[in-house]
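Peer 1: Line by line, the protein sequences give chains A and B.
Going left to right, the first sequence walks through residues 1 to 185 as UniProt numbering numbers them.
Going left to right, the second sequence walks through residues 1 to 760 as UniProt numbering numbers them.
The reader is advised that the hints may include incorrect statements.
As the list claims (entries may be wrong) - Computed list of lysine-lysine pairs in DSS-like fashion (alpha-carbon distance at most 27 angstroms, straight line):
hint	chain 1	residue 1	chain 2	residue 2
1	B	231	B	189
2	B	589	B	464
3	B	105	A	37
4	A	40	B	201
5	B	464	A	95
6	B	171	A	95
7	B	211	A	123
8	B	589	B	105
9	B	169	A	173
10	B	211	A	77
11	A	95	A	140
12	A	95	B	231
Source of the hints: derived by calculation from the structure; they are not laboratory data.
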Amino acid sequence: MNWFKFFLLLLIVNPIVTYSEIEIANVFGLISKNPNKTLKFVELRSATFFTEEIKTTGTVSFNDDGLMSKYIATPIKSEIHITDNTLLLLDDDGKREISLANHPVLASGVNAIRWLLLGNKEKISSNYFIEYSNKLTDWKIKLIPRNSEILSRVSSILITGQLGNINVIKLSKSDGTSVITTFSQ
Amino acid sequence: MTTISRNFLFFIIVAASAWYLNNNLLVVSNIEQFMPADIRDKNAQVLIEKSQKGLSANLILAQISGSNDKELSRLSRALKLNLEKKKSFSSVINSQNFNDLKHEKLLKYRYLLHSNNTFDIDSLRHNFEKLLTAFTADTPSEFIDYLLIDPQSVFLDYLSLNQIKTTAKQKNGVWFVGNKALLMIQIQKNSTIEQQDLAIKTIKNTFEANKPSGAKLLLSGASIVAVEMRKNILNTIQYASFALIIIMFFVFVFIYRSIYLLILAIITLASSILIAMSVTQMIFSQIHGIVLAFGITALGVCLDYPLHVFSNTCTKVSARNAIKKILKPLKIGVLTSIFAYMALIGTGFDGLTQLAIFASIGLLSTLLISVYFLPLWMQNTKINKRKIPIGKCLSLKSKIFISLLVVLLPAIFLSQQAGLFNTDISQLNPASIASKKVDADLRQVLGSEEVNHVFLTSDKNLTKILTETQEIQQQLKKLVAQDIIGGTISADTLLPDKKTQKYRQEQLPNKEKLKNNVSLAMSKMPFKQDAFDNFINDISSSKTMPLLNYQDFEESLMASKIQSLLFIQDGVWYSLIRVIDIKNINKFKQQVNNSYLLKNTYYSISAMAGNIMNDYLKKTWTRLFAMLLLLFAITLWFAYKDKNRIWIVLPVFSGVLISLSFQALLGNSINIFHLLSLLLVIGLGFDYSLFFNYENNKMIQLSNSTHAITISAITTIMTFSVLAFSDVNVLSSIGQIVVIGVFACFIIAKFISTPTNKYE
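Input sequences plus hints: build the corresponding full structure.
Peer 2: Written out as C-alpha cells, the structure reads:
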C-alpha cells in the first residue's frame, strides 16, 4: 500500500472512528457545548384550517440560563422570549405574557427544545420516551410525550442533527398537522 | 325526697347535659349575632347580610414573600394547582388567564352580551390577519381554536370588561406587587366557621408541603379574622378557666382549709355551666364563643352562692341553718341578677338574648344547687375557716361625704366627655390594625370592590332594575372620568337588559351577507373556505336564539360574579353597584350628594350599621336605667322597714359610674359590650351591697358576709383580669369594665353598705 494513500484514508476515517459509536449522552453534551448560540430558522407550520403551510423566517438565540428568544422577521414581525415558565409575545398589538404552566401542550414543545439545547437529558427523559438512532455523525432523536394529555395533542417531536448541531425539529400534532423548523448558521 | 333520690336526680341531670353537649355542641364566632337582627330597612338588611355572608366574606387574599421572584411564582403556581383540586375552594386566581374559552357556557351568547358592529370586509380582514400573526407567534393552540370561533374576540372583550381590575404586575405568569406574589382564594360559599378553619389550615399545609424554604405566606380576609377570633376566644376561655381553678384552689386551701369544699364549689360551678350550656344549645342550636367566654366568667359570680353557704357555716351552725339565714338576700341577689340579664332579651341582638338565657339558667341552677344540694353534701362537714377582719364601720357623716365623692366625681367627669359612646361597628372588628392594613392594601392592588361604599337598587321587575343600574353606572362613569374612583362593577355589563340584547340581535348581519364578507375578507389569505364556518353559524343562530336570562349564568364562568351583584330575595330583585378604589372620599361623597339618583341609592355600610347600632345602644341604655330604677325601687321597699337599707343602692350606682369613667380615662369609647358588662357589675354590686347591709347589727353575720364577699370579689376580679388582657377587643372591654366596676362596688359597699357607726 502506498503510504500516502494510507495516510489519506486514515484522515478520512478518523472522525468516523471517533464518532462511530456516538451515544445519545454524547449528543446532548455536544449540543450544550456548541458555542454557536444564534441560528437562523425557517419554519413551516401547517394547520387544518389553512390551505397551505405558513412559512416564517427569523433568528433564534438561547443562552446557558435557559433564556430563548425568537425573532420572527416574516411574514409579520414579532418577538418571543421564553424565560423559565413564561412566554412573552411582542407584536404590533403590544405585549402578551403567557404562563407555560397554564398551557401544557405549548410548554411541552418549548421545553423539549430548551432542554435539548441545554443538554438536560434527565428532564427530557422524565417527560418523554426517547428513541435514538444515528448514522456516523448524524443522529435522530424522537421524543414521545409520557403525559397522556399532551400525547393526545402532540404525537412526537423529531430532532435531527449532526454532532453538536441541530438541523431540523419536527413537531407532529395528533391532528396530522406539524411544525417543521429548519436551522442554519 | 330522700338523700339518695336527690343525689340520683342531680347525677341524671348533669349526665344528660354532658351527653347532650357531647353530641350537639356547636360553638360559633361570627360577630353578626351581636348585630341587630330586626332591621326595618329591607335594603339595609340585605346589604348587611351580603357583607356578612356574600362572596367577600369567604374570600381569602394571600401574599407570598421572602424569596426571589422565580421561587415565589413557583410557590404561587403550586399553591393554586394543589388548592384547585380540593373541594373546599371554589376558585383560586393568581393571574389574569382565560383558558379553554371554547367550552365556556356563555360563549354562545357573546353577541347578546357584548356590542359588536364590525362585520364589514376590512374589519374582518384585520381580524383574520391578527389570527395569522397569533398563529405564527407560538400562541397556544387553545387560543387559536377560540379565535377561529370568535375572531373579533367579542367574548374576551366581554370577560375583560367584567374581570378583576388589578394593578398587580404579572411576573412569571402570576400576580406580583413589589416583591410579593398574590393570590385570591375563594372558599366555597355558605361555609361554616369549622369549614373555613379547615380550609385555612389546608392552605397553610399545602403551602408548607411545597417546600417554601424561606418564603412566608400571609393570609387576610373576613374568614381569617373569624377563625383567628374563635381561636383567641377559646384561648381566653382556657386561661380564664385555669385562673379560676388556681384562685379557687388557693382560696379553699388557705381560707377554708378544706379540699372537700373546693370539690363542692367546683361541682356547683361546673354543673351550672353544663346545664346553662345545654339549655342554650337546645334553644339556639348553637352557642356563640363570646357568650361562652363571657358567660362562663360571669358564672364565676355563681361561686358567690356556695361561698355564702360555706362562710355562714361553722362548727356551731350547720349548712342547712346557714342557708335558712341567708336565703332571703341570696334569693334577692339571684333574682335581681336574672332581671338584669333578662333586660337583654328583646334588644334585637341574637347574641345578647343567648347570653341572657345562658346567664339566667346558670344563676338559677347555682341557686338551686346551693340551696337544695349543698346542705345535703355538707351534713357532717365542720368548717374551720380563717377569719377575715371586718374593719371599722363609718359614721353617718363620713358615709355621706364618701357617697357624694364616689357618685359626683365620676358623674361630673363623665359629663365632660364628648363622644363617649361609640356606634362605629369597625371598633368591634377583632382584626388587629396591622392585619386590617394588609387586607386593605391587598384589596386595593387586586382591585377588590369597596366593601363599605355601595349603591343598591331594588324592584320586583328585573328589567326595571337593570335599566336603573345602567343609569347609575352612567352617573358613576363621570366620577371615574374625574379620577374620584377607580371604576365600578355592576350586573348591567354582565347581564344586559332584554331591550339591549334585542337591539344587539337585530344589528347582527344575516348569514348570507356575513358569509360573503368573510369570503371576501379571506381572499389571498391561506385560510380554508370553511375555516370560519363556526363563527358564521354562531352569528346566524344568535339572531334567533332566546334572549339570555339570569338562570343561564348558572355554572358559567361568571356565575358567582353575577350572583354577588344581582340576586332575588322574597320576590324582590336587588342590584348592587360596587365601587373600586375610592381615591378621594370627600369628593366622592360630595358628588353622590349632588346627584338625586346616586344619593337615593348610595349606602355606607359602616354608617348604616352605626345608625342601627346607635338606635339599639339607646334602647339598651333605657333598659339599663330601668334596671337601676327597679333596684332602687326594691331598695326603697326595703328601706320602708329599715332606713339603713337605703345605702344598698349607692355602691351599685357608684360602681357603674367609676367603671365608665375608667374607660373614658383610658381613652376608650363605650360600646354595646361595655354596656352589657355593666349588667354584671350591677348584679354583683347589688349582691355585695345586699350582704354587707343585711343583718346589720349582728356582728357574726357581718363577719360571715365580709368573709364570703371578700373571697367572691377576689375571685371575680382575678378571673376577669384574664379577660381584660385578651386579644379580642370585645372580651377585653368586658374584662376591664367588670374588674374596675366590681372592685369599686366592693370597696364602696364595704364602707357605705355596712352598718353605720352611731357612736362617733
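Peer 1: Are the hints correct? Go through all of them and say.
Peer 2: Going through the hints against the structure:
no., hint, result
1, B:231 x B:189, "22 angstroms, holds"
2, B:589 x B:464, "26 angstroms, holds"
3, B:105 x A:37, "46 angstroms, violated"
4, A:40 x B:201, "52 angstroms, violated"
5, B:464 x A:95, "41 angstroms, violated"
6, B:171 x A:95, "13 angstroms, holds"
7, B:211 x A:123, "20 angstroms, holds"
8, B:589 x B:105, "40 angstroms, violated"
9, B:169 x A:173, "34 angstroms, violated"
10, B:211 x A:77, "42 angstroms, violated"
11, A:95 x A:140, "36 angstroms, violated"
12, A:95 x B:231, "47 angstroms, violated"
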